[in-house]
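Dock chain to chain to rebuild the complex, using the hints, since each chain is given by itself in its own frame.
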Amino acid sequence: MRDVVIIGVGQTRVEEHWGKSLRHMAHDAVMAAMKDAGIETADALYVGNMLSGELGGQEHVGALVADFIGLRGIEAMKVEAACASGAAALRVGMFAVASGIHDVVMVCGVEKMTDAVGDEVTSGLATAADQEYEVSQGISFVGLNALLMRRYMHQFDVKHEHFAGFAVNAHKNGANNPNAMFQSPIKAETYLRASMIADPINLMDSSPVCDGAACVILAPADGYRARAKAHILASAVATDSLAIHDRRDPLTLDAVALSSQKAYAQARITPTDVDLFEVHDAFTIMAALSLEAAGFAPRGRGVCMAVDNEIGIEGRLPISTMGGLKSRGHPVGATGVYQIVEVVAQLTGQAGKNQVQGARIGMAQNIGGSGATVITHILGGV
Amino acid sequence: MSIPRNWRTRQQRYSLKAEVCNTCNKHIFPPRDVCPHCAAEKQSWTNLSGQGEVFSYTTMYNAPAGFEEYAPYTMALVKLAEGPMVTAQLTDVDAQDVKIGMPVEMVTRKLSQEGEEGQILYGYKFRPMLREAA
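If you read the sequences in order, they're chains A and B.
In terms of the working numbering, the numbers along the first sequence are unbroken and rise by one, the last being 382.
In terms of the working numbering, the numbers along the second sequence are unbroken and rise by one, the last being 1134.
Do not rely on the hints blindly, as some may be mistaken.
Computed footprint of chain B on chain A, listed as stretches where at least three residues anywhere in the stretch have a Cβ under 8 Å from a Cβ of chain B [what the hints assert, rightly or not]:
hint: 1; stretch: 147-160
hint: 2; stretch: 193-201
With a straight-line cut-off of 25 Å between C-alpha atoms, the simulated DSS-like cross-links for lysine-lysine are [unchecked claim]:
hint: 3; chain 1: B; residue 1: Lys1042; chain 2: B; residue 2: Lys1026
hint: 4; chain 1: A; residue 1: Lys159; chain 2: B; residue 2: Lys1099
hint: 5; chain 1: A; residue 1: Lys187; chain 2: A; residue 2: Lys159
hint: 6; chain 1: B; residue 1: Lys1079; chain 2: B; residue 2: Lys1110
hint: 7; chain 1: B; residue 1: Lys1079; chain 2: A; residue 2: Lys159
I should point out that these hints are in silico values taken from the structure, not numbers from a laboratory.
Backbone N, C-alpha and C define an ideal beta-carbon position, used for all residues, glycine too.
Here chain B stands alone, though its shape is the one from the complex (with noise of 0.2 Å):
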């Protein structure tokens, strides 16, 4: 990812910065300049709770470049409390105890590295919650 490429959205992948649309009051997670579910304009800017559950995982065995060294690893589909839903890696958690349904939280990580004198990409992965939702 080129740097301009990755300060932009520095904000969503260290603190899943999302919005509030202004009319239908659903989250949305990127950002977008038009709410895709009213089309509407107007947004606010929200934090999430980094909270939500396993919709789906896989684990990937063939890596795409970049990420070949830190194979096999689990990827999922993370349906977060507010609404939206994100791709991203599981963490600290053995991929056979991975089930759908399971409470996982956000954390930041290391994502990848582009050589040993490129950036170093970090975002968010998701592990199993430690502590229950207040």
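In isolation and in its complexed conformation, chain A is listed as follows (with noise of 0.2 Å):
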């Protein structure tokens, strides 16, 4: 096996792109990230999408992009994983440029959900769960998760407005960045007074509906040293039942341990050595589930870290550094990607107003579903 390091990254703003389709955000995405790579083609390209077919009638999206891109003729293919999607299409990257098999290669994630109205892209979304079993009972993708969050409140004795920590953050943080979607700061009045999804799921407990892409660059180590932003230094799945009723205990996201312990092993690191984790905050208690899974808080605690001392910029472990999942905005398959670019950003000291000081590691992690596929990667600075 390879080491593999990042040499470019590339991202187009989260936001309603009513102007611009699939194709053409995936073209903004990758020529920015070959420009910041200074290469002119690569060896592949993989796609990290879930919902093209779905909303948009178009699937085959290697293809399309890699014909789009004046690539046309590259190997490049579609990688799904519901929303973890984007980091999926990284993992196989990797194994191109870990085995040998490519040199230099594209990834790219890149969503479209603002074609399509509101009930489709929910029913879109809860293609993530069990149509049979799940999904034929009325249940949405937001109602998964309220289910998980109502039960937490009630098992641990927490109140709706001990997770507005996790909203908050998130929006001082997007506020910071260019790409966010949203870039204005929030209250914790804003959150308590926010409209009701699917209670105790309200608007600010959960991430948007939006378009965007974006894309990293892979090269192996050796013949790239001199060019690489970051190293990857842990790429680790796990996978869970897609129904949360079929889980071991529903309170605690298996797949989220699992994934996290073989990459703090693959890393040779543990959670303390972590200088930022960009967590898939897709829903407050998804922030909250996560951070105890992978280590950061006991079982029950994980809400306690929706503080700013804690997750803040400043905090014992930044979280959502450019906004995360709420505030830089959620186009599904494509922010496993983002997460990474952010990463990038962060370990080469471009995070700008929200750099963390001296971050040398950095962890990402992308969840598809509610939990049932868990990707984690850790990069390293160079």
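In structure tokens form, the structure reads like this:
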């Protein structure tokens, strides 16, 4: 196995891109990354995407994007693992470079959600859950997370307002990220007054529907060391049942624990070595459950980390440092690649006002469904 | 849901038809080819009592496509007496009266209808228990 480094990154702003199609957004992100890496072609392109077929009637986006960016002929394919599609595409890119099959590989996460109307998007997102035994009963993806949050509040005697700090932190960081969907801070009162989607989950617990594309360029460390922006120290995937009702314990994200432990072992680190964590905060409850299962908080105490001196930029473990899924936005299949672009920014001192001082090790975790696929990457600075 | 898919899962949705693992004796719902508890491959058919309690619940204000006309409605995770958990709607109860731990029992109800001329999907919902378990 060869060590793999990241030599270029690119992203579009996350927003409602009414004027751009999936292929245009992918083009913008890939071109930015190629320029950043100083390359004009690559051996392969892996596209992370979840909903192109469901919402746009367009599958086969590997070849589509390869052709559209002027690289007709190269190897290209789509990689899908629900909301973890972006990180899954990165992992496939890693396989290709680490194995020696390819040298320079492009990984692009792209999602176009706003071409569809609300209930179509709701149904599309629900394809990450068990169609026959969850979705057919009338539950949505938000609803599934609401079931987890309600039980968490009951079992650990937590109030809804205790989760506010996750949303406040995300928006505070997003305010300094020119590529974030929401670039304005919110107050705890804004969180408490937000309209209900599926109680107890309100609008401020939940990441937005949006469009975006991000890209990273991978290469072997040998031969590209001088151009490396970050090393991939670990890449680990774990799975759990699609349905929450089939889990060993619905309030323990077993796949987060397994994926994190595998990643720590690969990188030869412990959780205390992590300088920043791009957590999959699609909902505030997922942030709390992830922090627990990844080893940063005891069971039932993840929500206690939702305060500035824990998760803020200068806190014990900065999370969602560029806004996270809540404020940067969650263009589902692209999110995992945005997380990597943001970790690279932190490790190269390019994070501006949100720079975590002295950041050497950054972790990104991308979750598919309500915890059925969990992909953890740990990056190290050069 | 396609007609064959509806037909294939009818016994589960109409009568909670389940399995017992021949190796570890745990109940399995919905049926699987491999026991999720011990990975054994042999199971026997059984029926569940349909009784259980609310493990968690939520009220759906933004319903997925096909369920808009029913919103708002209450969804729950129901822990069945025999062990398995299911995701299902609660019925015959006001949302504000639902509590975690509340005893419930299965009833067969209309889940959704695919347009004026489409098939009607029936399945299990749960209502507050009318009588204590014998």
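Legend entry - Straight-line alpha-carbon gap Lys1079(B) to Lys159(A), limit 25 Å: Holds, because 23 Å separates the two Cα atoms, which is no more than 25 Å.
Inset, instruction - Quickly compare the C-alpha distance for Lys159(A) and Lys1099(B) to 25 Å and report which way the hint goes. - result: Holds: Lys159(A) and Lys1099(B) sit about 16 Å apart, inside 25 Å.
Legend entry - Assertion that chain B covers the stretch 147-160 of chain A - criterion: three or more residues, beta-carbon distance below 8 Å: holds (count 5)
Inset, instruction - Starting from Lys187(A), check that the Cα of Lys159(A) is at most 25 Å away, please. - result: holds, 17 Å
Inset, instruction - Assess, step by step, whether the Cα of Lys1042(B) is no farther than 25 Å from the Cα of Lys1026(B), and give holds or violated. - result: Since the Cα atoms of Lys1042(B) and Lys1026(B) sit roughly 12 Å apart, the hinted pair holds (cutoff 25 Å).
Legend entry - Restraint check for Lys1079(B) with Lys1110(B), where alpha carbons must lie at most 25 Å apart: holds, 21 Å
Inset, instruction - Check whether three or more residues of the stretch 193-201 of chain A sit with their beta carbon closer than 8 Å to a beta carbon of chain B. - result: holds (count 6)
Comparing the model with each earlier hint shows no violations; every hint is respected.
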